[in-house]
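Q: Fit chain B to the known structure of chain A by using the hints.
Number of protein chains: 2
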Amino acid sequence: MSAPADISTVWEALARDGGRIVYLVLDGAGGLRDGASGKTALEMARTPNFDRVVRDSACGLLELVGPGIMPGSGPGHLALFGYDPLRFRLGRGVLSALGIDFDLREGDVAARINFASVDSESRVTDRRAGRISSETNRRLCDRLRNAVQLDFDGEWFLETVAEHRAVLVLRGPNLGGEVRDTDPQTTGVPPLEPEAQTDAAQPTAELVRAFIGQARDALADEASANAILLRGFQRHAPIPSLQARFGLKGLCIAQYPMYRGLSRLLGLDVVAPPESLDAAFGLLADNFGDAHDFYFLHVKGTDKHGEDGDFHGKVAVIEAVDRLLPGLLDLQPDVLVVTADHSTPAVMAAHSWHPVPVMIRAAGARADGIGHFDEYACRGGLGQRPGLHLMGLALAHAGRLNKFGA
Amino acid sequence: MSAPADISTVWEALARDGGRIVYLVLDGAGGLRDGASGKTALEMARTPNFDRVVRDSACGLLELVGPGIMPGSGPGHLALFGYDPLRFRLGRGVLSALGIDFDLREGDVAARINFASVDSESRVTDRRAGRISSETNRRLCDRLRNAVQLDFDGEWFLETVAEHRAVLVLRGPNLGGEVRDTDPQTTGVPPLEPEAQTDAAQPTAELVRAFIGQARDALADEASANAILLRGFQRHAPIPSLQARFGLKGLCIAQYPMYRGLSRLLGLDVVAPPESLDAAFGLLADNFGDAHDFYFLHVKGTDKHGEDGDFHGKVAVIEAVDRLLPGLLDLQPDVLVVTADHSTPAVMAAHSWHPVPVMIRAAGARADGIGHFDEYACRGGLGQRPGLHLMGLALAHAGRLNKFGA
Chain A
1 MSAPADISTV
11 WEALARDGGR
21 IVYLVLDGAG
31 GLRDGASGKT
41 ALEMARTPNF
51 DRVVRDSACG
61 LLELVGPGIM
71 PGSGPGHLAL
81 FGYDPLRFRL
91 GRGVLSALGI
101 DFDLREGDVA
111 ARINFASVDS
121 ESRVTDRRAG
131 RISSETNRRL
141 CDRLRNAVQL
151 DFDGEWFLET
161 VAEHRAVLVL
171 RGPNLGGEVR
181 DTDPQTTGVP
191 PLEPEAQTDA
201 AQPTAELVRA
211 FIGQARDALA
221 DEASANAILL
231 RGFQRHAPIP
241 SLQARFGLKG
251 LCIAQYPMYR
261 GLSRLLGLDV
271 VAPPESLDAA
281 FGLLADNFGD
291 AHDFYFLHVK
301 GTDKHGEDGD
311 FHGKVAVIEA
321 VDRLLPGLLD
331 LQPDVLVVTA
341 DHSTPAVMAA
351 HSWHPVPVMI
361 RAAGARADGI
371 GHFDEYACRG
381 GLGQRPGLHL
391 MGLALAHAGR
401 LNKFGA
Chain B
1 MSAPADISTV
11 WEALARDGGR
21 IVYLVLDGAG
31 GLRDGASGKT
41 ALEMARTPNF
51 DRVVRDSACG
61 LLELVGPGIM
71 PGSGPGHLAL
81 FGYDPLRFRL
91 GRGVLSALGI
101 DFDLREGDVA
111 ARINFASVDS
121 ESRVTDRRAG
131 RISSETNRRL
141 CDRLRNAVQL
151 DFDGEWFLET
161 VAEHRAVLVL
171 RGPNLGGEVR
181 DTDPQTTGVP
191 PLEPEAQTDA
201 AQPTAELVRA
211 FIGQARDALA
221 DEASANAILL
231 RGFQRHAPIP
241 SLQARFGLKG
251 LCIAQYPMYR
261 GLSRLLGLDV
271 VAPPESLDAA
281 FGLLADNFGD
291 AHDFYFLHVK
301 GTDKHGEDGD
311 FHGKVAVIEA
321 VDRLLPGLLD
331 LQPDVLVVTA
341 DHSTPAVMAA
351 HSWHPVPVMI
361 RAAGARADGI
371 GHFDEYACRG
381 GLGQRPGLHL
391 MGLALAHAGR
401 LNKFGA
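Those protein sequence lines, which keep their order, are chains A and B. Under our numbering, read the first sequence as residues 1 to 406, first letter to last. Under our numbering, read the second sequence as residues 1 to 406, first letter to last.
Next up, chain A with everything else stripped away, as it sits in the complex (with noise of 0.2 Å):
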């Protein structure tokens, strides 16, 4: 498959309307086999009405970013949302900015912040200070914020995210946002150096160095969290949205603040985190109506569970989401996508880079008739493609797009 893989490539053939989009993301859904079970994680699970639904929809499975490519959530939600994840590249900084909420504005420069520990050789002993709780975080912001004075004709900000995370933002003329990482991603080194890579990033190092020293001296008492690491800086440029690319007005439903901060940043509106996968689907029931095309539901357990090693407990968010599937296709949905920004398999522990399953019921799908929803049946008409190709696909199937040429 090549070219258009980006549907905004011939904007030309967008409708004005036609019928709502529901994305259902099971994050990290995707793995490979368990030793015990010879099952994935989808393969295991018992899902009636999936199993009902993917009948009669058209299946494939989604490269996400590329060959061998093991994706964050970031560039995986971005393929899925038809954004090229290597045109539109994101620092863990902003996204950590707007995953809490943070009002970010064009020219900001944001880096995510991990409270860590130093031994007496400024070596790190622990890069998440022993992950400390957010009290604690939010009690070190304060102090830092008290003690801290950069000298620049500009402000700065620092926020806790949770746990040993927060953010920092400078805001100011001119700061450009090629500073390298000072997080060494290991322990026993030092810090790095916050190295401009870019001319126009040197008064932004400049800034990140005195706030790195003034920082250490302010926690230099602290039992556990007595130094900061800093990655992912980046200057923010706002992104075109999903609705001036694919005329999309969306929803986003997600309990992760990753999820919501990236949504936001493409322009969809984002209801409150729900407290439970049970909310997650009321909150789509609850908004699914005229103000939106596009809704995107971001369920997190499974990429957790994967993450944590932990493949029953994987099996069984699928399973709840399957008895949650009912309420959503009540509400008639034009077009349902159910897939995965990315594999996390439980046996791996961690993000992969094997591709996921995606299924898409809609009246003119053409139906596969493939009677599980896993990685291994999922082997339909869509063939095996980029994850890029699947809101073209999405648009196509809602009667979003009109005939490209006479």
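Please note that a few of the clues may not be correct.
Copies of the same chain are indistinguishable here, so a pair counts whether it falls within one copy or spans any two.
Said to hold, decoys possible - Derived DSS-like pairs (lysine-lysine); straight-line CA-CA distance at most 25 Å:
no.	residue 1	residue 2
1	300	403
2	249	403
3	249	304
4	39	249
5	249	300
6	304	403
7	39	300
Think of the hints as simulated: they come from the structure by calculation, not from any bench. Treat the numbers as computed from the prediction; the structure is a model and nothing was measured.
A: Same frame as chain A, now just chain B:
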């Protein structure tokens, strides 16, 4: 499948190390079904060892260069090694020079020579001069070295390759490489003129014209080899190494010059040519260790018999490789890739465009449970994809790619 087919475009995801990769390339192994047996050579071959290993492997088909494109061995191998063969174009002259250990330097222009036979009207009667011996070739090269005088600010080299094949290298300032082949690729017509195809190649074309004229005079009294045909002119520009692009320290085990030359061009270490298939596998075992991460074992026999239209000869080579497979498996490579650089159906007695099977055996492979390694059985989860995708997959399976993006 689309971007990034070329994994080097996401170089930030490259890990510093990882497992060892073995590429077992059966040259031209893909084919078509034989009229008598109704099987391809790969289908026909009895391969108990492959049968066992393929079961635990991820399988698919590779379209080496593009749909309908019939790859030469150079482009086919470049694709397998992760170099876009449409971007990295290798002339036959450069490959011939590298294949005989000629110390080719940046800016040298190389062309492949065939000693040929022409009649009294200068029409080609045999493009290979009756496949003269290498000894005759060496004598002819000596004659030409003594007879030809080229008037330019540089040096020229004429070297025997084997049989009717030699290589001409022009070394001097400002020599362009875009000169048209003089080999008409057929008999009954005179050789073509060495036309410059760019202004920069005008001086080169002049030198080549002088060379051809003086060579014709010098060889006029030869019984069969009374002319030369040149093709594959190219100015030599170094290619980034496998280590620079992918962090791989490579080792090549190949009997034929072209594959050794290509490997050297990509910065692989190259062992002395093995005398036999057994010796090649022996060299792999002898050299398997800490010094290299990537091992390329090239098997020529499959292609040779395919080119000769010898279906059963091709089957026999595949079966011979199968018998040697257990020794390779004993080395416990982290990733074993078995594939081909193109198809050479015996029924066509030539290279063809047909995709070739590929299998990737590794701990993290999403195994397809396929029972035989051939063009029809290997329709597994890897799908059908460009040859260029292979390197990303091999790196991923070796744990040599980090997560891409947050």
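Q: Against this structure, judge whether each hint is valid.
A: Hint by hint, here is what the structure shows:
With identical chains, the CA atoms of residue 300 and residue 403 are at most 25 Å apart between copies only, with a shortest distance of 18 Å across copies and 37 Å within one. Taking identical chains as interchangeable, the C-alpha atoms of residue 249 and residue 403 lie at most 25 Å apart only when both belong to the same chain, with a minimum of 22 Å there against 31 Å between chains. Neither within a single protomer nor between protomers do residue 249 and residue 304 lie at most 25 Å apart by alpha-carbon distance, with minima of 29 Å and 36 Å respectively. Proximity of residue 39 to residue 249 under the C-alpha cut-off of 25 Å is found in neither arrangement, the shortest distances being 38 Å within a copy and 36 Å between copies.
Proximity of residue 249 and residue 300 under a CA criterion of 25 Å is satisfied intra-copy only: 23 Å inside one chain copy versus 39 Å between copies. Taking the shortest Cα distances, residue 304 and residue 403 sit within 25 Å of each other only across copies (16 Å), while inside one copy they are farther apart (42 Å). Only within a single protomer do residue 39 and residue 300 lie at most 25 Å apart by alpha-carbon distance; the minimum there is 21 Å, versus 39 Å between protomers.
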